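Trainee: Starting from the structure of chain A, add chain B where the hints point.
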Amino acid sequence: MNQQTSSRPTTENSVGIVTPKSVDIKDPLKLACGQVLSEYHLVYETYGELNSDNSNAILVCHALSGNHHAAGYHTDNPDEKPGWWDNCIGPGKPIDTNKFYVVVPNNIGGCHGTTGPSSINPETGKIWGPDFPPLRFRDWVDSQVQLSDLLGIQTWAAIVGGSLGGMQAMRWSLEYPDRLKHCLVIASAMNLSPQNIAFNEMARQAILADPDFCEGRYLEQSKAPNTGLALARMIGHVTYLSQSQLEERFGRELRAGSFERGNDNPIQFEIESYLKYKGDQFAEEFDANTYMVITRMLDVFDLAREYNHDPVEAFSLATCRYFVASFSTDWRFSPDRSEDIVGALIGAKKQVSYLNIETDRGHDGFLSDIPRYIEGLGIYLSKVAGEIEDAS
Amino acid sequence: MRVDFEILKSWVPEGAHVLDLACGDGTLLRSLMDDRGVTGYGLENDHQSIAQCIEKGVNVIDKELVRDLNGFQDNSFDLVIMTQAIQVMEFPDIILDEMLRVGRECIVTFPNFGNIRTRGHLALRGKMPVTKKLPFQWYDTPNIHFCTVSDFQNLCKSKHYRFINQATQAELLFNKQLKGLWPNLFAETAIYHLTKQTAETE
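If you read the sequences in order, they're chains A and B. Read in order, the letters of the first sequence correspond to residues 1 to 392 in the working numbering. Read in order, the letters of the second sequence correspond to residues 1 to 202 in the working numbering.
Bear in mind the hints are in silico, worked out from the structure with no lab data behind them. Only a predicted model underlies this, so the values are computations on that prediction, with no experimental measurement involved. Treat the hints with caution; some may be incorrect.
[To be verified] Here are some chain A residues pointing at chain B (derived, C-beta under 7 Å):
1. K26
2. G343
3. G347
4. V352
5. S353
6. Y354
7. L355
8. N356
9. I379
10. Y380
[Unchecked claim] For lysine-lysine, the following DSS-like pairs were computed, each having C-alpha atoms within a straight-line distance of at most 30 Å:
11. A:K181 <-> A:K21
12. A:K26 <-> A:K181
13. B:K9 <-> B:K132
14. B:K63 <-> A:K181
15. A:K278 <-> A:K223
16. B:K9 <-> B:K133
17. B:K157 <-> B:K9
18. B:K9 <-> B:K176
19. B:K9 <-> A:K349
20. B:K159 <-> A:K383
21. B:K63 <-> B:K9
22. B:K132 <-> B:K56
23. B:K133 <-> B:K157
24. B:K133 <-> B:K159
25. B:K133 <-> B:K176
26. A:K223 <-> A:K81
27. A:K383 <-> B:K63
28. A:K349 <-> B:K196
29. A:K181 <-> A:K383
30. A:K349 <-> B:K63
31. A:K278 <-> A:K21
32. A:K81 <-> A:K278
33. B:K133 <-> A:K383
34. A:K276 <-> A:K223
35. B:K56 <-> A:K349
36. A:K181 <-> B:K56
37. B:K132 <-> B:K176
C-beta atoms are modelled at their ideal positions from N, C-alpha and C, and glycine is treated no differently.
With the rest of the complex left out, here is chain A (with noise of 0.2 Å):
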């Protein structure tokens, strides 16, 4: 089986091929909503070894579209894409599997396997669709917890998210201040602004608008409202990319058409296709009412707020050590909201370093290799993973 990977190009630094994990969780989670999840089954995939004491393991919390599957590969199929954060997760890379056991679990509500809105109610019997509890990211710490404690991992090495992943890493520093000894949050903020509120509600309302998405209850009836959750997509991803990425990567290239007089052919450009191409592939793998419960669950979170809307109050319960960056032509979380987050670290005289990285990519620079990016990550787990060494 591994010999047709190794064919594969990235694969020398690669976790290789990996086999998802799964749970059913069977103390009940009682969710901030005041509903309990009797039971509940959590897929997750974990990459290299945990060590005797146990003190080697880093969370990593998935952000939107994400799930369990973060690096390497689940079949050997030389077409395959690896896990969504394969450039940053492996032997010799960032979150170094060689040191450290990292776990990723895919979140409640979530749509790969967790349970979630299309999973079946047990109560009923019947599809959760809708009538999925709204949840807090306080419950997938709360979950999350469940899992760490079936691991056997007391105290984290750190916990890692990006964007919303992030907000769940900040929120385990509050909640679970001795249970992690690192925390890194990358393009996060602390809460969302209005304008955040307002694509996620422009989102929401594209998959409204679509008939076939019968009021969330499109799978008892054997349809898929994929023209809104593409949609939806669509105006999410755009969000992700920045204004001198777009100009660069599509310019006014068409696609189609023409824009010659005498011709009439209808005119499509490069980022309308990609656009379109982003939100049908999206469509196809994800599920529109996780979509509606994770879009509301970022815009009702406020790390603050029970904190007297004082970040600097609620930073000054955690321990741990913090790492921040930021990507500067993010606009959906731009470096001002990870600035915020650093002053209120400061403001409660924790542990903090962080680092605002030049680049082009948007939001979207969590995900991708940006070297000084990269390496600071690097440096920062590595000093990260000699603590662990110094200890034992």
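Mentor: Structure of chain B alone, referenced to chain A:
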């Protein structure tokens, strides 16, 4: 270790909470953490220096120091340090105010432009000084606001800042021997420890 570091280190209180502006590769903060048990952060915007700080386990904030310390609360540090950088600032006087807003005390070190060698360049050669410590040409220097020991003292006096400590440093023998007598002419580097509080209010 740089001589100005050695001198100012002895002025830093044990366990102080420190902000080091333009902290470079983190050498000073690391040594203050190890030897004086300080906590705090460095501010830096040079990419390589930032990476070196992280490697040393020094908290570093990637930020260009432009005009103010926006986002830093009043009196949130025991001490704000800036070594060999005030001459690079666009608004040195405002930065000094900001240092003493955010910190109860500050330490500033800078190259003394009143030193006899720099004066010699101007007086005898009629050229802007280019020395080992100030190796730039007038058009490519990052040092846009040079001052002399007297100039700096006058600025501090006009702002009613109080000198807690002051020292000068020189490497050349004749500068070394004469800097105590006539600092404005013979000091190569000046090191000032300031506060805006008067002795009574402390």
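Trainee: Work down the list of hints and note, for each, if the structure agrees.
Mentor: These are the hints, each one checked on the structure:
no., hint, result
1, K26, "violated, 42 Å"
2, G343, "holds, 4 Å"
3, G347, "holds, 6 Å"
4, V352, "holds, 6 Å"
5, S353, "holds, 5 Å"
6, Y354, "holds, 5 Å"
7, L355, "holds, 5 Å"
8, N356, "holds, 5 Å"
9, I379, "holds, 5 Å"
10, Y380, "holds, 5 Å"
11, A:K181 <-> A:K21, "holds, 25 Å"
12, A:K26 <-> A:K181, "holds, 28 Å"
13, B:K9 <-> B:K132, "holds, 24 Å"
14, B:K63 <-> A:K181, "holds, 25 Å"
15, A:K278 <-> A:K223, "holds, 21 Å"
16, B:K9 <-> B:K133, "holds, 21 Å"
17, B:K157 <-> B:K9, "holds, 24 Å"
18, B:K9 <-> B:K176, "holds, 20 Å"
19, B:K9 <-> A:K349, "holds, 22 Å"
20, B:K159 <-> A:K383, "violated, 43 Å"
21, B:K63 <-> B:K9, "holds, 24 Å"
22, B:K132 <-> B:K56, "holds, 28 Å"
23, B:K133 <-> B:K157, "holds, 27 Å"
24, B:K133 <-> B:K159, "holds, 29 Å"
25, B:K133 <-> B:K176, "holds, 16 Å"
26, A:K223 <-> A:K81, "holds, 28 Å"
27, A:K383 <-> B:K63, "holds, 22 Å"
28, A:K349 <-> B:K196, "holds, 23 Å"
29, A:K181 <-> A:K383, "holds, 12 Å"
30, A:K349 <-> B:K63, "holds, 18 Å"
31, A:K278 <-> A:K21, "holds, 28 Å"
32, A:K81 <-> A:K278, "holds, 15 Å"
33, B:K133 <-> A:K383, "violated, 34 Å"
34, A:K276 <-> A:K223, "holds, 20 Å"
35, B:K56 <-> A:K349, "holds, 19 Å"
36, A:K181 <-> B:K56, "holds, 18 Å"
37, B:K132 <-> B:K176, "holds, 17 Å"
Hints 1, 20 and 33 from the list above are not met by this structure, while the remaining hints are.
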